[in-house]
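Q: The chain contents come next:
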Amino acid sequence: MTDLTVRIAGKNFKNPVWAASGTFGCGEELERFVDLRNIGAIVTKTVTLGEREGNPPPRVIETASGLLNSVGLENKGAEWFVKNKYPFLKQCGTNVVVSFAAFTPGEWVKCAEILTDGDFPDAFEINLSCPNVSYGAARGLVAQDKRAVEKVLRAVKAVTRVPLIAKLTPNVTDIGEIAVRAESSGADAVAVANTFQGVAVDAETMKPYFKRVVAGLSGPAIKPLALKAVMDAYRQVKVPVVGIGGIMTGIDAAEFMLCGAAAVEVGTATLRDPCSCSRVLEELQEYLKTKGVKKARELTGRAAKQKGLPRAISKNRKRNVI
Amino acid sequence: MIARRPGAGFTIITNQEIYPDHYLMELRREGAGFDASPGQFVNVLAAGGVTDPLLRVPLGIHRIRKNGIALFYKVVGKATGILSRKRKGDPLDILGPLGRGFYPETGEKEEKKINVLVAGGHGAAPLYALAQREREKGKEVAVFLGASTKKHIVLSREFRQLGCRVKTATEDGSAGRKGYVTCLLEDLLKQKNGEFAVYSCGPTPMLARLAELAAEKGIRARVSVDTYMACGTGVCRGCAIMTREGYKLSCTDGPVFYSDEIVWEEKLKGCGE
Ligand SMILES: Cc1cc2nc3c(=O)[nH]c(=O)nc-3n(C[C@H](O)[C@H](O)[C@H](O)COP(=O)(O)OP(=O)(O)OC[C@H]3O[C@@H](n4cnc5c(N)ncnc54)[C@H](O)[C@@H]3O)c2cc1C
Ligand SMILES: Cc1cc2nc3c(=O)[nH]c(=O)nc-3n(C[C@H](O)[C@H](O)[C@H](O)COP(=O)(O)O)c2cc1C
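Chains as they are written, first to last, in our numbering: chain A, 1 to 322; chain B, 1 to 273.
Hints are computed from structural coordinates only; laboratory data are not their basis.
Hints may be right or wrong, so weigh each one.
For lysine to aspartate or glutamate, the following EDC-like pairs were computed, each having C-alpha atoms within a straight-line distance of at most 20 Å [as the list claims (entries may be wrong)]: (1) A:Lys-76 x B:Glu-266; (2) B:Lys-248 x A:Asp-202; (3) A:Lys-223 x B:Glu-245; (4) A:Lys-211 x B:Asp-253; (5) B:Lys-78 x A:Asp-202.
Each pair of labels, with its calculated beta carbon distance range [what the hints assert, rightly or not]: (6) B:Arg-85 x A:Val-199: 52 to 62 Å; (7) B:Lys-78 x A:Arg-7: 50 to 60 Å; (8) B:Gly-81 x A:Thr-104: 41 to 51 Å.
Beta carbons: idealized from backbone N, C-alpha and C, even for Gly.
Only chain B is shown next, with the shape it has when bound in the complex:
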């Protein structure tokens, strides 16, 4: 009679504010493994036993380990606020792994390509799992991190420790290149020839601009979209996103899509504009 729950049984081992307002939460699971792929997410119940918040919040899988995972989240509201107050030893009710990740299921060969990971704000969270996997395979990884100002740049240390080449961009120019993170990609694609595998996660207007840059070079980037979600399992049909084939669901068809699949609306400006 006991329900089968792939994500059950997690315990918090650390929950620390490693960047301002950004927490690293490491979770361990005893017994059964947790077979996740970079870009997949979990739906986290911040507070059991109460009905407000009522639903789970989706968080990208930040690190994948043999006996656990880590999450990296920004405190923006109710649920993430509650999560930030959890302690070592507390259990956490998570559902997952959910969705489709960065690696296309068709098994497309990315072998010879240069990996470029473009992150807007806490969009860096799931990209870290991808960088980790690629570094393990001995591949080179370039990471572009963007934020409004220097103090909002996150995970630069961690990506460097993995052996990634990290560049930053800030809107006010307080760190790295002045401008949007997509400008770093624009610079790269202008200056260098080569085959790039582009992966990205961040706010939708940023992904839209990235999709445009990728299209100009004939690159099909893999982008993880951030849409409001309810169930995370595909039953409520709440997280629809318009694609060239009509609405798809971010939770089960995504959250990672090809950049040319999505019908983008609002996008960031280019760098020369």
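Isolated chain A (complex conformation):
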């Protein structure tokens, strides 16, 4: 039997294949199609302090092997979420990671307080990287600004015992640098990464397809880019990296682990098929068996330690250089 367990942010997870935020609801929606107990962890749709109605349609469009979305964090707010979704999540049979985002330091803290329910959830995913909302006056994302990352993580860390996974954006010059700052500011893990910013244009009307113009690209189209982001982060931090971006198969998941991911999240693949997470896990198990790898966690970082890569920093020699 292959040992699939992974330990992330001080918690044990039964397997490394998780459901990505915004693509799995809170699990309840897909119960009809999927056995939730097979999912390594459910990362819930990002919640915010207050209710948000989301962006005007159109919100999604398919691109070549990808999906652009501009959903805009539609949700009913943190208090509603605790009242209406926590009872289900607590007994859903797997680990739960609650994703949240806020717009001011005060809101981050309040959100964390509302969402912390003793030892529940298993972790928070701090969404520092949603491309489809504006943060105050600045147009940028929190995870594009080291100081903002530090401020948010320190503030949240101070008010909750729940471990923090900082979800980063790949839309930066050096994601390693941001990951290092997240780590030093209290992140127990980093999730790499959110969607890549993209644009769709309607040649017929000669107008941008989305009202907010810029949207987030996900799916197989971004996989090679996401693999690099994972490798970059892995080489610079000690905390575990959760790899995300275009995973469709168990081999894709293995590739992310080889690049340094301790666990992976499957997003867009679930929109194609609600059963994708279970299938990815089965395929990963098969891969491990074929390769004679006894423990899934032994995959982590194998391909990132090799020489001959640009800025190759062997993990054992120099981990925290910046």
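With the hints as your guide, set chain B with the ligands onto chain A.
A: Frame of chain A, contents of chain B with the ligands only:
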């Protein structure tokens, strides 16, 4: 460990172009039944094993049988093009039945009402399942079919074979009444008194005009909206549509809504205008 999949296990038994660019695909499923209601849809994976097209395409359930369903689709792009090349015996990966159909879940009595079904283009597809169900109950069904020209009118034969009264409208006047299909409804509501149960599926501006006509007569029509969808299961929140209570999802709250629930934008002109 095997995932539960209500829509799995379908095989194609026919896939024929029965009107220009419009295909009838009949599917059979062995074993477990498929409990669908008219107006519900399935999300179809046109090509497995490749990532382009990546997502499924929503298609209304056109016919409901004991051991299968039929789809009726127009070839407009990538996914529907791939579907049109499938053959008898090929398996088809479908997810469903999804969404809420034409019959309101509150079980509202439509017994005494006269059924009027208004279809724009391939919007006739899911209305056929409704007509079939109503005819089985022995009810009268009037069907209004609209298209730009005569050669784009679809399913007129099939509705007639069910025993429906069929009227057509074309924008260029090459068949039936000249004008939009909503003009047929406008004529009917002007000339006849009676209680009508109006059901519709078609392009959004057409539904918007129909909603306006229905509102004038105090009718709450049941309309199936055509919005771009990704997951079909409610998790991606991509298919939002503005209603009087804020955004709802076409895939799980719809695709059938009451005509007065939706906040309509662009609408077709009336017939006198
Ligand atoms: C609930 C529901 C039920 C439907 N039922 C049927 C049905 O029974 N029969 C049928 O023929 N079609 C139906 N449609 C529409 C069908 O889903 C689209 O035609 C299909 O997704 C097109 O996919 P494609 O890859 O072939 O086209 P693409 O290559 O994606 O697009 C080709 C062209 O079609 C347009 N298009 C794509 N999707 C839509 C859409 N959802 N609405 C309007 N325009 C679109 C694109 O903008 C583009 O111009 C339904 C849609 C919904 C939401
Ligand atoms: C429709 C949609 C909604 C998303 N919503 C969220 C969200 O609310 N919070 C978040 O952190 N990421 C969100 N994401 C990003 C995914 O969690 C994931 O990081 C990204 O899609 C890349 O992975 P993938 O290629 O496997 O989809 C969303 C993605 C999609 C496609």
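Q: Hints first: check each against the structure and report whether it holds.
A: Here is how each hint holds up against the structure:
1. For a cut-off of 20 Å, the pair hint linking Lys-76 of chain A to Glu-266 of chain B is broken: about 29 Å separates their Cα positions.
2. In summary, the hint linking Lys-248 of chain B to Asp-202 of chain A is not supported, as the alpha carbons are separated by about 25 Å, beyond the 20 Å threshold.
3. Taking the CA atoms of Lys-223 of chain A and Glu-245 of chain B, the gap is near 38 Å; set against the 20 Å cutoff, the hint is violated.
4. Annotation: proposed proximity of Lys-211 of chain A to Asp-253 of chain B is violated, straight-line Cα distance about 23 Å (limit 20 Å).
5. Our distance criterion of 20 Å between C-alpha atoms is met by Lys-78 of chain B and Asp-202 of chain A, whose separation comes to about 17 Å.
6. Between Arg-85 of chain B and Val-199 of chain A, the C-beta spacing of about 32 Å breaks the proposed range 52 to 62 Å.
7. About 43 Å separates the C-beta atoms of Lys-78 of chain B and Arg-7 of chain A, a value inconsistent with the hinted range of 50 to 60 Å.
8. The given range of 41 to 51 Å is respected by Gly-81 of chain B and Thr-104 of chain A, whose C-beta atoms sit roughly 49 Å from each other.
Against the hints set out earlier in the document, violations occur for numbers 1, 2, 3, 4, 6 and 7.
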